Amino acid sequence: MLKLDCFRAGKGDSFLLTWNGEGRHRLLIDAGNQNTYRFLKSIVQDFGKDDTILVTHVDYDHVGGFFKWLSDKETTLNPALRVFMNTPQLVFAPSDSDLVGVDHGVKLEELLFSRGIQCTPLYLDQYNDNSITMHGLKLQILSPKKEVIDRLISKWNANEIYQQYEQARNQVNNMVAVRDELLIERNHILSNQPVPHDWEIDLLNASSIAFILEYQDFRLLFLGDSNPQLICDELERKGHTKEYKLEIDLFKISHHGSKHNTTKDLLERIKCSKYLISTDGSGPYYHPSRETLILISTYGRISDDYPITIYSNYALPLDKLLTREEQETLNLDFQVIQFLNFPEE
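When we follow the numbering used here, the leftmost residue of the sequence shown carries the number 327, and every step to the right adds one.
If you are wondering where the hints come from, they were derived from the structure by calculation, not from laboratory data.
Since the structure is predicted, the reported quantities are computational estimates derived from the model, not experimental observations.
It is possible that some hints are incorrect.
Calculated pairs, SDA-like style, for lysine to any residue (alpha carbon to alpha carbon, straight line, at most 20 Å) [what the hints assert, rightly or not]:
hint: 1; residue 1: LYS597; residue 2: LEU644
hint: 2; residue 1: LYS600; residue 2: PHE665
hint: 3; residue 1: LYS329; residue 2: PRO669
hint: 4; residue 1: LYS571; residue 2: ASP606
hint: 5; residue 1: LYS590; residue 2: ASP575
hint: 6; residue 1: LYS600; residue 2: GLN653
hint: 7; residue 1: LYS375; residue 2: ARG334
hint: 8; residue 1: LYS399; residue 2: GLU436
Whole structure, please, built from the sequences with the hints as guidance.
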């Protein structure tokens, strides 16, 4: 059995996969914000040679809990623990960490090295067949391209990324944001679909590690905060088109359901009826967007009469996302979950 825990990580991501081979194995995908550590502490304290951490990218709503773990005085890290990340050299510990502040100039990879752990970068064309296997579980890497990583490293340094995080956090703390109460008409959304951000101007998210996870007969798609066009390019290279869809059992939607990270082209390359959105729905972004739900309901179906299940780790404000008629007629089943099992019990 494969178990997927979906932690409440605010506007961020944090997932734990657990499976049994010769013993128990675990894969932690992102660690949310610092508050997420309260869910992780009892789990990660005994992480060792049978366990792996994968940090999809350098946004602090994905790595904050990891730094909280490193700053925990009770933490002992097993040097045999495997850690994968896209750009470990570009992450500073936040200034409110007990361990280190940005002024110290200590980076994530240096913190891990001081604990005897080598952080391994992960991107396309790094491994044969773009896949890695850990104790019977396989990851087929879809993103990022080395070109994106190189561009990110050349354009940004750790201090700039940290300062961007601080500015965004201060902006969120100081602003009074409201959700748009006027729902855009469904046909207008389908006729004027949101355009993905150009990856060259959204390097932090475009550098996100995305992958197909395969275990026994199950396939799960994790997109981090990745760029949909880059994912479509890699799916195309693998032969997944509208006619030859990638069949998966669960689709973790990119960037918490942002309207710029899920497209018709992407959805039509996937055959899936179960989707996962990770977000608390709070401002100023108020993910997921109405546009994403409309696109999923229109292009993300196995067939017109087959229901779609949308899982979330927080209750979604459906009345602010869908009309009453849409809630009754679009054949969408919304479920708040803490974990999922494959196969279902």
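Results of checking the hints against the structure:
1. LYS597 with LEU644: Outside the cut-off at roughly 25 Å; violated.
2. LYS600 with PHE665: 14 Å, holds
3. LYS329 with PRO669: Given that 20 Å is the threshold and the Cα spacing comes to 9 Å, the pair holds.
4. LYS571 with ASP606: 31 Å, violated
5. LYS590 with ASP575: 19 Å, holds
6. LYS600 with GLN653: 17 Å, holds
7. LYS375 with ARG334: Cα-Cα ~26 Å, so violated.
8. LYS399 with GLU436: This hinted pair holds, its Cα atoms lying about 18 Å apart.
Checked against the numbered hints given earlier, the structure breaks hints 1, 4 and 7 and satisfies all the rest.
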